[in-house]
Every structure is written in C-alpha cells, then in structure tokens.
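Undergrad: Next come the chains, spelled out residue by residue.
2 protein chains.
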Amino acid sequence: MNDTISTPNFVSGHPDLKLENFIRTCVDEIIKTAVLAGTNRASKVVEWHAPCELKQLFDFELSAEPETNAKLIELLKATIQYSVKTGHPYFINQLYSGVDVYALIGQWLTDALNPSVYTYEVAPIFTLMEETVLAEMRRIVGYPNDGYGDGIFCPGGSIANGYGISCARYKYAPETKKRGLLGGKQLIIFTSEDAHYSVEKLAMFMGFGSDNVCKIATNKLGKMDTEDLERKVKQYINDGARPLMVSATAGTTVLGAFDDLNSIADICEKYEMWLHADAAWGGGALVSKKYRHLLKGIERADSVTWNPHKLLTASQQCSTFLTRHKDILSSCHSTNATYLFQKDKFYDTSYDTGDKHIQCGRRADVYKFWFMWKAKGTNGLEEHVNRAFEMSEYITELIRARPGFELVLERPECTNVSFWYIPPSLRNMERGDLFNEKLNAIAPKIKEGMIKKGSMMITYQPLRQIPNFFRLVLQNSSLTQEDMKYFLDEIESLGCNL
Amino acid sequence: MNDTISTPNFVSGHPDLKLENFIRTCVDEIIKTAVLAGTNRASKVVEWHAPCELKQLFDFELSAEPETNAKLIELLKATIQYSVKTGHPYFINQLYSGVDVYALIGQWLTDALNPSVYTYEVAPIFTLMEETVLAEMRRIVGYPNDGYGDGIFCPGGSIANGYGISCARYKYAPETKKRGLLGGKQLIIFTSEDAHYSVEKLAMFMGFGSDNVCKIATNKLGKMDTEDLERKVKQYINDGARPLMVSATAGTTVLGAFDDLNSIADICEKYEMWLHADAAWGGGALVSKKYRHLLKGIERADSVTWNPHKLLTASQQCSTFLTRHKDILSSCHSTNATYLFQKDKFYDTSYDTGDKHIQCGRRADVYKFWFMWKAKGTNGLEEHVNRAFEMSEYITELIRARPGFELVLERPECTNVSFWYIPPSLRNMERGDLFNEKLNAIAPKIKEGMIKKGSMMITYQPLRQIPNFFRLVLQNSSLTQEDMKYFLDEIESLGCNL
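Chains D and W are the protein sequences, given in the same order. Each step along the first sequence adds one to the number in full-length UniProt numbering, with nothing skipped, and position 79 is 79. Each step along the second sequence adds one to the number in full-length UniProt numbering, with nothing skipped, and position 465 is 465.
Rather than coming from a laboratory, the hints here were simulated on the basis of the structure. Careful: at least some of the hints might be erroneous.
Heads up, the list lumps identical chains together, so a pair's fine if it works in one copy or across two of them.
[Claimed, not checked] Subject to a maximum C-alpha distance of 35 Å in a straight line, what follows is the list of computed DSBU-like cross-link-like pairs (lysine-lysine):
(1) K185 to K270
(2) K326 to K177
(3) K185 to K234
(4) K289 to K71
(5) K215 to K326
(6) K32 to K77
(7) K290 to K55
(8) K55 to K289
(9) K220 to K178
(10) K178 to K343
(11) K452 to K71
I would like the entire structure built from these sequences, with the hints used as guidance.
TA: See below:
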C-alpha cells in the first residue's frame, strides 16, 4: 500500500490514524515554517521569482491522478517558501500586516467548523457573536446605546462601502428597489479625490455610473475640501440632480488623512444627504482614547465601514458595515426566500439574519476578531493601536532629521508615513519637472532591489501630480525603534547609488 | 506571572515558548474535538439551545480586560460544543457538508500566510494558482482551449451571479459604466421562478430593480419553460425594452433541476442576450463523465457561476465566476487605482489581477481547492461526485418503496432528493387543501424534534403551492447505504405519532 489516501476522503467517524498523522504533520509544518520562521526577522520577507520563473519552480498543474501525501507535504512547504510573509515585521507594504496568534486560532477553528452564517439554526454561536461584536463596535463609534442601529460583516471594505451606497439609495429613493434607477432622479455620490477607489467602483457596479460620482478636491493634508463639497452639491441641485450621499474617509489609503466629519455632517444635514464614513482603515483608532479624536463626528454618520483586519490585525478578511438605522439593511436587501428563511420554524426567526446581506452563503468572519478581542480586552486593542501610532510618530521624526529623506506630509495623522528618498545624485538638482521625473523613477528601483533581496516590502505610488513616494504603514505593534532605523537604512543602502 | 500573554501580541521573531504551547494546545483541541469527534456518527450534530438560552450559557461579552489563556481554551471548547457540526455525516441541511481534510489543511495554510490577492507582488503563488485552477475549470466547462476566457474567485455564488449581470450589462450597454442606468434603455433580466434568489437580490443592488427581473415559469420538473421565456422576451421587445440576459440554473437550490441550456442558448443567440449559467450547485457534476450531460450546452454560456465549496466540498468559501470573454471583467470593473496597480513595476503587471474584481482586499480562496484537487486528482473528484449521485439514487428508491414517504420529483436529477413524510394520521385523508395544510405542519415539527435531539439536520421548505417537504442533499461521499436508512428511520420515528 502506498501513502495515497483513497478518494473520496472525509473525516467521517471512521478513525483513520494515517489521516490524522497527515493532518498533524501538515499543521506542524505550518506552525514551524509559516507562522514562526515566517515572522522571524532573520528570515526573508519574500523569495522573489518572476511569474515565468515561478511557473517553472512550482508544480501548479492539475492532473487526473492524485498526488501522494509525501508530495503534498512538499507542495505545502513550497507554497510557504514562495509566498510573501505578510506576517513578517518587515512587511509594511499594505494596510494589513503581522500575524495575531489569537486571530489565527480563531480562524482555524472557524475553518474546522466550516459554518455559513445565514440562519441561527446552522450558526447559533456565530449569529449571536456577530450581534455582540457589532453592537460593541457601534457603541465605540458612538451611536446611541438604545437598541437601535444594525450592522453586518462584509467580504471586504469595498463591498461595505457598496452597502453604504445601497442604504443611502433606499433611504432617499426606496422605489428603486423595485423600479431600479431608470426613470428616477439623477442621484449623485460625493467623495474625495483621495477616497478609496471602491466608492467609484461600487457606484459603477450598482448602476449609478462613474459620471455620477463627484470627486471633491482635497486640501494639502489630503482632507476633503468641504467648501468645494458644498459648492458642488449646490451646483448639482441647480442642475436638477439629487445629491444622495457623501462618502467621507477616515484614514485615506495613501496619506492616512481624516476628512472633517463634523463639517461634512453639517452639509449632509443641510441638504438631506446620507453620510457614509469609510473608516475601513482609520476605524481602529476609535478604540484609543488618545487617537479617537481623529474621527470626531463619526457618531453623526448614517453608516460606517470599519475593517478589523486592518489596524486591529484580525486575519483576512474581517470587514464590517455599521449603521445607525435599525431596519434599513433588512428593508433594503431582503427578498424573503422561503427555502431558507422559513417563518414556521420553532425558534425566534429574527435571528435568521442572512436576508440583510447580498451574500447568501457567508463565512463566519466574526470569530477570529471576537477571540482576539477576548484575549486582549479592549484595553489591549487600545494599547496596540497606541503603539502603532507612537511608532509612526517616531519614524516621522527620524525621517525629518535624516539627510536625503523628505516627508510628503509634515505631520501624518494616521500610521501612514509618506516620504521620498532622494539619492545623492539628485540632491543638488533644481526642483522642477526634470527633478520630479528623475525622482519618480527612484522608488520603483529601490522597491525592485528590496524585493529581489527579500529584505523588506514597502509600497510606493504617485499621488495626483507628485512623483512616486514611499508609504510606510504600521499595524504591527511589535515593531521597535530599531526596526524603524532598519527601514531607513535599508532604503538608503538600496538607493544611495541611483 | 499569570498566563495572560501581554498585549499587543504578535509572533514577531522573538520565540515565545509559552505562546507556541498555546497555539499547539488550541490546535490539538480543534483537531480532536471539532474535526474528529465532530464528524463521528456517535456524536450529536448539534446541541440545541434557543438564542436566549445560549446567551446565558456562553460568555459572549467583550470587556476592557483580557482573558487568561486558560479561559480562552475554555471558550474555544464551548464554541465547538455549541456549534452545529456541519462536517457531520448527518448534516444534510445545506448545499455544503462534510469536512475535506485536504481542503481544511489548505485553508489553514492560507490563514497562516494571510495573503490578499490583488497583486502578484504580494501573492505570487496564489495569483498563478488562480490562473491554473480557473483555466482548468473553463476547460472542464468546455470553453475553447485557445487562451481565451477569464475567471475570478468571488465571495459566494450570489456575488458571482452579480458579476454575470455586470458583464452582460457591459457587453450590451457599455456606456452604463460611466453614465449609469438612468436615461438608458430598460434592461431586462430573465431567470426562472425556481432560480436562486440572488439573481433578484443582485439586480436590486445593481440598480435594475426587481421589476426588471422577469421570472419565467418552471415546468413540473423545476426546469425553466423555454416557450414561456421566448414569449416574454418578445413581449418586452414589443414594449420597447431590451432583454439583456438570461440567468439559467444548472442545479436549482431546492429541486436540483437543470434548465435546458441548449434551448436557452438558442433563444439568447436569436435575441442577442447574454447567457449566464448559475451552476453554483450543479457545476460539480461537470467533472463526472457519467453526469456532466446534465449541463449540456453550458459551453455556450457567456458566463458561469460554479462553487467548488458545494458539490466538490472545498471549505467555505470557494466560488468562481468563469466567462468565455477574455477582457470583459477587466474592462467592466477596472478603475486603475495608481496606488495599487502601478504600471512602473519591474515585473509583468498583467499578473496584477485585482482590478477585475469589485473587491479590493480578497482572501486566497483558491488554495484549499487546489490542494484538494492535487490530493485527489480529477479522477478523485469524479469518483466523489459519482458516489454522491449514486447514493442519492439509492435513497430515492428507498423512499419510493417505503410506506408513508412520497417523492416530490419521481426522478431527481441532482443529489437533492425532495420528499414528504406522511404520518399515519394523515394517510387516509382525502388529498386537498385541508390535507395540504396539515401536511405543511409536519416537516417543521419533525425538524424541531431532530434538532432538539441532535440526531440529524435536514432542511424543509414549501415550493410555490406545494406544502413543506424535506430536501435531503448529498455532497458527502463517505455516506453509506446504512446512513440513508438511518435518515428515513429517524424521520419516521420523529414523525409517526404526529
């Protein structure tokens, strides 16, 4: 007998020691290599290979015959080897990083139980847990603690922003649920030019069209220009359109800017518009007494996107949509499918919450976050957020003081720190188009160097007219001052001869 | 020192033996209790508690202070205890069941690596793996094997159906991406009255409105009446509307019926409509030489929804959208965000596939499926599907032969087997409204009994005018003939005195 387990293969009450051993061998490898070694500073963040190369190195191909368990373990190891270690301290490339052990355990249990959260019947614990977590998040947002409001878990912040658009439309044009957008008023969605692209993308998907997403200018700090907002709102009204909503941003993707929610709320009240706050990224700051002022006014928003998988480091994916309106999610999205949401069940079917969602089957993304929250307490979450912010303040000062480095924003608000590295060859050039053109090529080159070396990963991008700059972004609160120095040293050593 | 790990807490290159022990203790518990005991026939499928009771039994509450690791392990155990064991052989309640060990290992590794799939840079293995798996699935669908076509992983079949609507709209009304639906033609979506509710739900979300979803009658077998379809298409054209698409179903949710894709494709060609095939459920049959005829014509569909987490038992969630049109996903959904999809990277950025999606951050749902596919080979998937179908044919015959049981469909096409249990008290009643009314109350009562006992879980529902019946649905190919007898015995024993 070889070690191939005959298919079909389920754990199904016939204890199979060989299978159990296979599980344990795989799990050991995952813990040892992906979780522990993969987050060790001495390891590489990535072992880089171009797509064509990786296709040669890794056996992607699917075939008719099964692989042996020994081969599967090899493939598991190779997957770890060639994957980017997003939990590594030197991965500061995206709005998520770090491996939170509690979140990981929570996720692993969720996978083993493999629930789909639509009815209480099949997901009792997760249904009540969603209720608890979402209520607590609404309390932290500052919504009235009177049993009002609602919330859901979403597959990412983009779709959560789509729920904001959907609820706004239902509130001010409920007939669209039946009749659609055709033949109604022209509905306008306002957001800033620095807002996440999902607002425009979802507006297109949802039938508004990108022409009806009005992008408001941002000021030098990356915040929405509220005078420009009101001017444009009035203009659309004069032209006969209906300003529907403003999607304000609490923590923009690149600069980490916080829109002035109170001023925007004033405008929304004045013109009867829905206020959605996209706090997917910055929402985590709400747990901190020291930093929650950045989101002041958020309790006036009609709805909020807040992704615990970002600043609060729950594993991918953990996104929430919160609203102060109690029944709108259900009114807006329900179709009352009788095969799933039977009303003649023997328990209180108000706990069958699936019809609020546009998804049917849906993973229990709540558990990892709940388990982590339990493990740390709200105080622990606060301490984590404070450390990430304080470390970003520390590196901001390092950058300010260091020759060849220049900040994009003098005082970053969130843990995004944006900066240029200017190699010696450019330092004496006159600032202008030619300088910008040359500077624009620097960050991509340094990025190429660090990826090929595997020493760190940080993203770069242009923004409007300004040339490519680095965006360092911190969510991993175990990073130290030494790590901050390492980042700058590494960038300098990769770029100083360009 | 107590055993609370100080927060913030990351695995970050400082080996922490206590933390490692905590991980291992939790994983052991998960394997032992959730995976092995939870799928043992001797265990209960569910330990039932009503919502108000469960709130007393389980400590959901979040507080400022952290819990000890000992308490966390207790909570982990309690979560398992009170959760429905969806991997249990006697869980035949939904369109997913069973625990596939390979898929579970794949999911666990994905969690540990915690990737987000939008750029090759941060998800090299998963990006190329998606390419491989989606190409192979398109080949199995029967799309021309010439480098054409495209596909994506989606957060569930509902949203995959939304992608079908989105692509159809872009193909026949591309100007809507900018201008929206307002001021255009009235676009009509056709689907059957037995189709999944997501078609209507997504049409509402996407601005079409439910009035513009035309539900075509089904015949006695639950298949779309194609004469009714063509009649209605013509009628809409006469009324000045534009029939946009048909969403046909390959394996309806309740009866498991397969629409006649070839006839529908003929109509779609004649009237220039997009054909979307919702094979979320039935798609798995494509891997079987014996059963793929059920989906004949699917290769003519413009797009297909196919969820490997259903019939093929990849863990939640694994849904795909496939299309024969190469560039449409990208043309339709892209917004070209410069902060993420930089074109000045040093590698071939055609591998940065994120802009095709309406999600930004996105879990690597591909890995569990790929790993399972590698483990079993396509032959293993086929054997699995064949066994599930053969077992459903077996129980159909058992039901046919057994007094008090009645089939809803004489010859079910998919592994859904729908039937009534008629208790002795009703067997001599005249068939009619009163009988139906009484029968309608039977399935909910039996369901209540089985859940409270924890002996099995099977769903029931009414359909159009017919009273509540059971829908047994098989995806777990380790079930035996004895299990089939058990299901019927259990239903009879719970219902015979009603």
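Undergrad: The structure should be examined with respect to each hint, and the outcome stated for every one.
TA: To see whether the hints hold, each was checked on the structure:
no. : hint         : verdict
1   : K185 to K270 : both (19 Å within a copy, 34 Å between copies)
2   : K326 to K177 : both (18 Å within a copy, 32 Å between copies)
3   : K185 to K234 : both (16 Å within a copy, 29 Å between copies)
4   : K289 to K71  : between (52 Å within a copy, 27 Å between copies)
5   : K215 to K326 : both (29 Å within a copy, 31 Å between copies)
6   : K32 to K77   : both (11 Å within a copy, 24 Å between copies)
7   : K290 to K55  : between (48 Å within a copy, 33 Å between copies)
8   : K55 to K289  : between (49 Å within a copy, 30 Å between copies)
9   : K220 to K178 : between (43 Å within a copy, 29 Å between copies)
10  : K178 to K343 : within (23 Å within a copy, 42 Å between copies)
11  : K452 to K71  : within (28 Å within a copy, 44 Å between copies)
Comparing the model with each earlier hint shows no violations; every hint is respected.
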